[in-house]
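**Student:** Under this note's numbering, the first residue of the sequence shown is numbered 489, with each subsequent residue one higher.
Certain hints may be false.
Within a straight-line C-alpha distance of at most 20 Å, the following computed PhoX-like cross-link-like pairs (lysine-lysine) qualify [stated by the list, open to error]:
(1) 580 - 507
(2) 785 - 729
(3) 680 - 670
(4) 613 - 660
(5) 729 - 777
No lab work stands behind these hints, which were simulated from the structure alone.
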Amino acid sequence: MIYTVTFSPAIDYVVDLNKLEIGEINRTVREFAYPGGKGINVSLVLANLGKPSVATGFLGGFTGDYIKSELARRNVASGFIEVDGVTRINVKIRAGKETAINGQGPQITAEDIEQLIRQLERLGKEDLLVISGTVPSSLPADIYERILERIKDAGVTLIVDATKDILLNTLKYHPLLVKPNKEELEEMFEVKITNDDELILTAKRLLALGAENVIVSLGGDGALLVGRNVETSLREAPQGKVVNTVGAGDSLVAGFIDAYVDTHDVSAAFRRGIATGSASAFSETLATKEEVEAVLKQMD
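Use the sequences and the hints to build the structure in full.
**Tutor:** So, in C-alpha coordinates, the structure goes:
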(Lines of atoms letter the chains of each structure in order from A; the text may use other names.)
(Lines give C-alpha, C1' and ligand atoms only; values in the text may rest on other atoms or scores of the structure.)
Protein backbone atom coordinates (compact mmCIF):
# COMPACT_ATOMS: atom_id res chain seq x y z
CA MET A 489 0.00 0.00 0.00
CA ILE A 490 1.03 3.60 -0.59
CA TYR A 491 0.97 5.92 2.43
CA THR A 492 1.37 9.69 2.42
CA VAL A 493 2.12 11.89 5.43
CA THR A 494 0.91 15.50 5.69
CA PHE A 495 1.98 17.10 8.95
CA SER A 496 -0.06 20.28 8.56
CA PRO A 497 -3.10 19.71 6.32
CA ALA A 498 -5.45 22.54 5.47
CA ILE A 499 -8.65 23.44 3.76
CA ASP A 500 -7.63 25.72 0.91
CA TYR A 501 -10.47 28.20 0.41
CA VAL A 502 -10.07 30.08 -2.87
CA VAL A 503 -12.11 33.19 -3.67
CA ASP A 504 -12.10 35.19 -6.91
CA LEU A 505 -12.93 38.91 -6.79
CA ASN A 506 -13.13 41.53 -9.52
CA LYS A 507 -11.27 43.86 -7.16
CA LEU A 508 -10.15 43.70 -3.55
CA GLU A 509 -11.24 46.76 -1.56
CA ILE A 510 -9.41 46.92 1.77
CA GLY A 511 -11.73 47.93 4.62
CA GLU A 512 -14.89 47.33 2.57
CA ILE A 513 -17.33 44.45 2.08
CA ASN A 514 -16.15 42.41 -0.91
CA ARG A 515 -18.32 39.93 -2.79
CA THR A 516 -16.91 36.95 -4.60
CA VAL A 517 -17.52 36.11 -8.23
CA ARG A 518 -16.41 32.51 -7.67
CA GLU A 519 -15.27 30.42 -4.74
CA PHE A 520 -14.31 26.83 -3.99
CA ALA A 521 -12.61 24.78 -1.27
CA TYR A 522 -10.51 21.64 -1.35
CA PRO A 523 -8.25 19.59 0.96
CA GLY A 524 -4.68 20.88 0.85
CA GLY A 525 -1.21 19.72 1.82
CA LYS A 526 1.62 18.08 -0.12
CA GLY A 527 0.97 14.50 0.93
CA ILE A 528 -2.77 14.93 0.45
CA ASN A 529 -2.12 16.23 -3.07
CA VAL A 530 -0.08 13.11 -3.84
CA SER A 531 -2.90 10.88 -2.60
CA LEU A 532 -5.53 12.78 -4.57
CA VAL A 533 -3.57 12.52 -7.83
CA LEU A 534 -2.89 8.83 -7.20
CA ALA A 535 -6.64 8.34 -6.80
CA ASN A 536 -7.22 10.13 -10.11
CA LEU A 537 -4.74 7.72 -11.70
CA GLY A 538 -6.47 4.70 -10.18
CA LYS A 539 -3.98 3.94 -7.40
CA PRO A 540 -5.26 3.49 -3.81
CA SER A 541 -3.42 5.14 -0.95
CA VAL A 542 -3.81 6.01 2.72
CA ALA A 543 -3.36 9.67 3.70
CA THR A 544 -1.99 10.14 7.21
CA GLY A 545 -0.91 12.98 9.48
CA PHE A 546 -2.86 15.07 11.99
CA LEU A 547 -6.43 16.39 11.75
CA GLY A 548 -8.73 18.11 14.23
CA GLY A 549 -12.17 19.68 14.57
CA PHE A 550 -14.88 20.31 11.99
CA THR A 551 -12.31 21.25 9.35
CA GLY A 552 -10.57 17.93 9.86
CA ASP A 553 -13.93 16.17 9.43
CA TYR A 554 -14.44 18.05 6.14
CA ILE A 555 -11.04 16.94 4.84
CA LYS A 556 -11.72 13.29 5.71
CA SER A 557 -15.12 13.39 4.03
CA GLU A 558 -13.69 15.00 0.90
CA LEU A 559 -10.89 12.44 0.72
CA ALA A 560 -13.39 9.60 1.09
CA ARG A 561 -15.50 11.12 -1.69
CA ARG A 562 -12.41 11.13 -3.90
CA ASN A 563 -11.47 7.51 -3.03
CA VAL A 564 -8.60 8.27 -0.64
CA ALA A 565 -8.50 6.34 2.65
CA SER A 566 -7.75 8.31 5.82
CA GLY A 567 -5.36 7.20 8.57
CA PHE A 568 -5.06 10.56 10.31
CA ILE A 569 -4.42 10.97 14.02
CA GLU A 570 -7.23 12.94 15.68
CA VAL A 571 -5.88 15.91 17.67
CA ASP A 572 -7.37 18.65 19.83
CA GLY A 573 -7.97 21.94 18.06
CA VAL A 574 -9.02 22.74 14.54
CA THR A 575 -7.20 21.99 11.29
CA ARG A 576 -6.23 25.23 9.60
CA ILE A 577 -7.93 27.05 6.74
CA ASN A 578 -5.79 28.80 4.14
CA VAL A 579 -7.55 31.61 2.29
CA LYS A 580 -6.38 32.51 -1.21
CA ILE A 581 -7.81 35.75 -2.58
CA ARG A 582 -7.48 36.16 -6.34
CA ALA A 583 -8.15 39.69 -7.55
CA GLY A 584 -5.60 40.34 -10.27
CA LYS A 585 -2.78 39.36 -7.95
CA GLU A 586 -3.15 36.49 -5.48
CA THR A 587 -3.06 37.15 -1.73
CA ALA A 588 -2.74 34.21 0.66
CA ILE A 589 -3.69 34.09 4.34
CA ASN A 590 -2.50 30.84 5.93
CA GLY A 591 -3.82 29.54 9.23
CA GLN A 592 -1.63 28.24 12.07
CA GLY A 593 -3.22 24.87 12.73
CA PRO A 594 -3.58 22.96 16.01
CA GLN A 595 -0.90 22.16 18.54
CA ILE A 596 0.45 18.61 18.27
CA THR A 597 1.35 16.79 21.48
CA ALA A 598 4.10 14.23 22.09
CA GLU A 599 1.34 11.62 22.44
CA ASP A 600 -0.05 12.55 19.02
CA ILE A 601 3.40 12.17 17.46
CA GLU A 602 3.94 8.80 19.11
CA GLN A 603 0.57 7.59 17.86
CA LEU A 604 1.47 8.50 14.27
CA ILE A 605 4.88 6.84 14.50
CA ARG A 606 3.38 3.65 15.94
CA GLN A 607 0.93 3.60 13.04
CA LEU A 608 3.79 3.91 10.54
CA GLU A 609 5.78 1.20 12.33
CA ARG A 610 3.20 -1.28 11.03
CA LEU A 611 4.38 -0.71 7.46
CA GLY A 612 6.52 -3.34 5.76
CA LYS A 613 8.51 -4.12 2.64
CA GLU A 614 5.40 -4.17 0.45
CA ASP A 615 4.58 -0.57 1.39
CA LEU A 616 5.68 2.80 0.00
CA LEU A 617 5.78 5.90 2.20
CA VAL A 618 5.79 9.51 0.98
CA ILE A 619 6.84 12.15 3.50
CA SER A 620 6.73 15.71 2.22
CA GLY A 621 6.37 19.33 3.16
CA THR A 622 7.68 21.75 5.74
CA VAL A 623 7.63 21.02 9.47
CA PRO A 624 5.14 23.27 11.30
CA SER A 625 6.18 24.99 14.53
CA SER A 626 3.91 22.62 16.47
CA LEU A 627 6.24 19.69 15.65
CA PRO A 628 9.90 18.99 16.48
CA ALA A 629 12.29 20.01 13.72
CA ASP A 630 13.62 16.44 13.48
CA ILE A 631 10.22 14.76 13.01
CA TYR A 632 11.29 13.25 9.66
CA GLU A 633 14.29 11.58 11.29
CA ARG A 634 12.27 10.38 14.27
CA ILE A 635 9.87 8.59 11.97
CA LEU A 636 12.50 7.16 9.64
CA GLU A 637 14.71 5.95 12.47
CA ARG A 638 11.81 3.96 13.90
CA ILE A 639 10.91 2.29 10.58
CA LYS A 640 14.42 1.94 9.11
CA ASP A 641 14.54 -1.86 9.41
CA ALA A 642 11.04 -2.50 8.01
CA GLY A 643 12.05 -2.40 4.34
CA VAL A 644 9.59 0.37 3.48
CA THR A 645 10.17 2.12 0.13
CA LEU A 646 10.65 5.80 0.93
CA ILE A 647 10.09 9.01 -1.04
CA VAL A 648 11.02 12.37 0.49
CA ASP A 649 10.03 15.78 -0.84
CA ALA A 650 11.46 18.36 1.55
CA THR A 651 13.97 21.20 1.67
CA LYS A 652 17.51 21.82 2.85
CA ASP A 653 18.48 20.20 6.16
CA ILE A 654 15.23 18.27 6.45
CA LEU A 655 15.99 16.48 3.18
CA LEU A 656 19.71 16.15 3.78
CA ASN A 657 19.13 14.51 7.17
CA THR A 658 16.93 11.81 5.58
CA LEU A 659 19.50 10.64 3.03
CA LYS A 660 21.14 8.20 5.46
CA TYR A 661 17.89 6.21 5.23
CA HIS A 662 18.42 5.74 1.46
CA PRO A 663 15.14 7.02 0.03
CA LEU A 664 14.15 5.68 -3.38
CA LEU A 665 13.53 9.26 -4.52
CA VAL A 666 14.10 12.82 -3.38
CA LYS A 667 12.75 15.77 -5.36
CA PRO A 668 14.32 19.18 -4.78
CA ASN A 669 13.96 22.01 -7.25
CA LYS A 670 16.98 23.85 -8.63
CA GLU A 671 16.78 26.68 -6.09
CA GLU A 672 16.53 24.24 -3.19
CA LEU A 673 19.53 22.32 -4.54
CA GLU A 674 21.56 25.53 -4.68
CA GLU A 675 20.54 26.39 -1.12
CA MET A 676 21.47 22.95 0.20
CA PHE A 677 25.02 23.11 -1.10
CA GLU A 678 25.46 26.92 -1.09
CA VAL A 679 26.29 27.05 -4.80
CA LYS A 680 25.05 28.87 -7.88
CA ILE A 681 24.19 26.50 -10.72
CA THR A 682 24.77 28.13 -14.11
CA ASN A 683 24.65 25.24 -16.62
CA ASP A 684 23.49 21.64 -17.10
CA ASP A 685 26.83 20.09 -16.15
CA GLU A 686 26.82 21.91 -12.81
CA LEU A 687 23.21 20.89 -12.26
CA ILE A 688 24.00 17.21 -12.82
CA LEU A 689 27.11 17.26 -10.64
CA THR A 690 25.28 18.99 -7.81
CA ALA A 691 22.32 16.59 -7.99
CA LYS A 692 24.73 13.65 -7.86
CA ARG A 693 26.00 14.93 -4.51
CA LEU A 694 22.67 13.77 -3.09
CA LEU A 695 23.37 10.28 -4.47
CA ALA A 696 26.73 10.28 -2.70
CA LEU A 697 24.94 11.10 0.55
CA GLY A 698 22.53 8.19 0.25
CA ALA A 699 19.65 8.91 -2.14
CA GLU A 700 18.89 6.20 -4.70
CA ASN A 701 17.40 8.59 -7.26
CA VAL A 702 17.05 12.37 -7.54
CA ILE A 703 14.60 14.35 -9.63
CA VAL A 704 15.35 18.06 -9.81
CA SER A 705 12.28 19.98 -10.95
CA LEU A 706 13.08 22.93 -13.20
CA GLY A 707 9.64 24.47 -13.63
CA GLY A 708 9.03 25.47 -17.22
CA ASP A 709 12.44 24.10 -18.21
CA GLY A 710 11.52 20.51 -17.38
CA ALA A 711 13.29 18.19 -14.95
CA LEU A 712 16.51 16.25 -14.38
CA LEU A 713 16.83 12.63 -13.27
CA VAL A 714 20.02 11.18 -11.83
CA GLY A 715 20.23 7.80 -10.12
CA ARG A 716 22.49 4.98 -9.02
CA ASN A 717 21.20 2.50 -11.59
CA VAL A 718 19.63 4.65 -14.26
CA GLU A 719 20.88 6.77 -17.14
CA THR A 720 20.96 10.50 -16.42
CA SER A 721 18.08 12.23 -18.20
CA LEU A 722 17.33 15.93 -18.68
CA ARG A 723 13.85 16.36 -20.14
CA GLU A 724 12.18 19.51 -21.41
CA ALA A 725 8.76 20.42 -20.10
CA PRO A 726 5.80 19.48 -22.32
CA GLN A 727 4.18 22.37 -24.15
CA GLY A 728 0.98 23.83 -22.76
CA LYS A 729 -0.61 26.83 -21.08
CA VAL A 730 0.28 27.00 -17.40
CA VAL A 731 -2.88 27.71 -15.42
CA ASN A 732 -1.96 26.80 -11.85
CA THR A 733 1.37 25.52 -10.52
CA VAL A 734 0.06 24.67 -7.01
CA GLY A 735 0.38 20.90 -6.60
CA ALA A 736 2.42 20.39 -9.77
CA GLY A 737 5.44 19.09 -7.85
CA ASP A 738 3.25 16.78 -5.79
CA SER A 739 1.65 15.58 -9.00
CA LEU A 740 5.10 14.76 -10.39
CA VAL A 741 5.72 12.58 -7.34
CA ALA A 742 2.34 10.87 -7.77
CA GLY A 743 2.98 10.19 -11.44
CA PHE A 744 6.38 8.73 -10.61
CA ILE A 745 4.82 6.41 -8.03
CA ASP A 746 2.01 5.41 -10.38
CA ALA A 747 4.46 4.05 -12.94
CA TYR A 748 7.10 2.79 -10.50
CA VAL A 749 4.82 0.49 -8.50
CA ASP A 750 3.72 -1.14 -11.76
CA THR A 751 7.08 -1.42 -13.51
CA HIS A 752 9.95 -0.66 -11.07
CA ASP A 753 11.38 1.22 -14.06
CA VAL A 754 12.78 4.54 -12.80
CA SER A 755 13.11 6.06 -16.26
CA ALA A 756 9.50 5.24 -17.15
CA ALA A 757 8.39 6.57 -13.78
CA PHE A 758 10.30 9.81 -14.41
CA ARG A 759 8.56 10.26 -17.76
CA ARG A 760 5.12 9.71 -16.24
CA GLY A 761 6.01 12.02 -13.37
CA ILE A 762 6.81 14.87 -15.75
CA ALA A 763 3.58 14.28 -17.67
CA THR A 764 1.51 14.25 -14.47
CA GLY A 765 3.14 17.37 -13.04
CA SER A 766 2.62 19.19 -16.33
CA ALA A 767 -0.99 18.05 -16.60
CA SER A 768 -1.71 19.57 -13.18
CA ALA A 769 0.04 22.80 -14.16
CA PHE A 770 -2.17 22.98 -17.27
CA SER A 771 -5.35 22.54 -15.19
CA GLU A 772 -7.25 24.52 -12.53
CA THR A 773 -7.29 21.36 -10.42
CA LEU A 774 -5.05 18.35 -9.92
CA ALA A 775 -4.42 16.20 -12.97
CA THR A 776 -6.89 13.57 -14.10
CA LYS A 777 -5.83 10.34 -15.79
CA GLU A 778 -7.18 11.58 -19.12
CA GLU A 779 -5.17 14.80 -18.88
CA VAL A 780 -2.01 12.86 -18.06
CA GLU A 781 -2.52 10.53 -21.00
CA ALA A 782 -2.97 13.53 -23.31
CA VAL A 783 0.35 15.00 -22.18
CA LEU A 784 2.09 11.62 -22.56
CA LYS A 785 0.95 11.44 -26.19
CA GLN A 786 2.49 14.86 -26.78
CA MET A 787 5.78 13.58 -25.31
CA ASP A 788 5.97 10.59 -27.67
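**Student:** Hint by hint, note whether the structure agrees.
**Tutor:** A quick look at each hint next to the structure:
| no. | hint | verdict |
| --- | --- | --- |
| 1 | 580 - 507 | holds (14 Å) |
| 2 | 785 - 729 | holds (16 Å) |
| 3 | 680 - 670 | holds (10 Å) |
| 4 | 613 - 660 | holds (18 Å) |
| 5 | 729 - 777 | holds (18 Å) |
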